[in-house]
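Chains as they are written, first to last, in the working numbering: chain A, 1 to 142; chain B, 1 to 84.
Honestly, the hints are just simulated from the structure, not real lab data.
Watch out, some of these pointers could steer you wrong.
[As the list claims (entries may be wrong)] Subject to a maximum C-alpha distance of 20 Å in a straight line, what follows is the list of computed EDC-like cross-link-like pairs (lysine to aspartate or glutamate):
#  : chain 1 : residue 1 : chain 2 : residue 2
1  : A       : 50        : A       : 32
2  : B       : 35        : B       : 13
3  : A       : 50        : A       : 24
4  : B       : 35        : A       : 16
5  : B       : 38        : A       : 129
6  : B       : 35        : A       : 129
7  : A       : 105       : B       : 68
8  : A       : 120       : A       : 3
9  : A       : 41        : A       : 129
10 : A       : 120       : A       : 33
11 : B       : 73        : B       : 56
12 : A       : 120       : A       : 24
The model shown is predicted, which means the values in this text are computed figures rather than measured ones.
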Amino acid sequence: MNDVYEINVAKARLREAYNAGDVDLLLTAFADEFTDMSFGKPSFFGADAKSVFRMRMTNLFEQHQATLIVTIIAIRVFANAAFDYGWHSLTLTPREGGESTTTRKRYFETWQKSSSGEWKINLYIDNVDVAPMMPDAAMPIQ
Amino acid sequence: MVIEISCEEVWREVSNYLDGEITPQLRARMREHFKGCKHCTAVLDGTRNVVQLVGDAKAFVLPAGFSDRLYQKLERKLSKDGRL
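All chains, please: the whole structure from these sequences, using the hints.
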């Protein structure tokens, strides 16, 4: 199987992990020492990133049922490194009742192929998506 | 588990998708992608419209003499540009 397909498989597994609330499965998508630059959170690097991410996701799944829709725009592979970018649309429904909320973020992540041939995310960054505008529309400068 | 597929891969296969010339697995991946991607759904709809228009002879009934006039215009243009 080619590398692009393998990364698509890894992203599908990540989506399934969110939808099943499975933190262990979710963490298998990430390298042991990765960089987490998630929107609205402090940046975490190396081993800290994974332990903080585990704690954050455990709390999230305890309190919410998550539904993630992944839209990958493109995947680029350069030997044992790759990047992809697109959108993550995450719907969270409180387990104790209440309104669901959906947040759509645009993401960029880099991948590294391990010696065993597995692709793992080693950098993740995202921010909140903004509705499309025409190029000549007045848009905020900051 | 339906495997993800990127927009770029969808664009490459959209015509084959409409012609039914892809594997069931790829069809399932693309169908799942269309559910969450308005951009690719627009590409799919646009491509489907073009295919229908081209395949519909009624959509392209040309006025009498259209072809002759078109050829004459092209010949004049090409002569003027020194390409004939």
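Evaluation of the provided hints:
no.	hint	result
1	A:50 - A:32	holds (7 Å)
2	B:35 - B:13	holds (16 Å)
3	A:50 - A:24	holds (11 Å)
4	B:35 - A:16	holds (16 Å)
5	B:38 - A:129	holds (14 Å)
6	B:35 - A:129	holds (18 Å)
7	A:105 - B:68	violated (55 Å)
8	A:120 - A:3	holds (12 Å)
9	A:41 - A:129	holds (16 Å)
10	A:120 - A:33	holds (10 Å)
11	B:73 - B:56	violated (27 Å)
12	A:120 - A:24	holds (14 Å)
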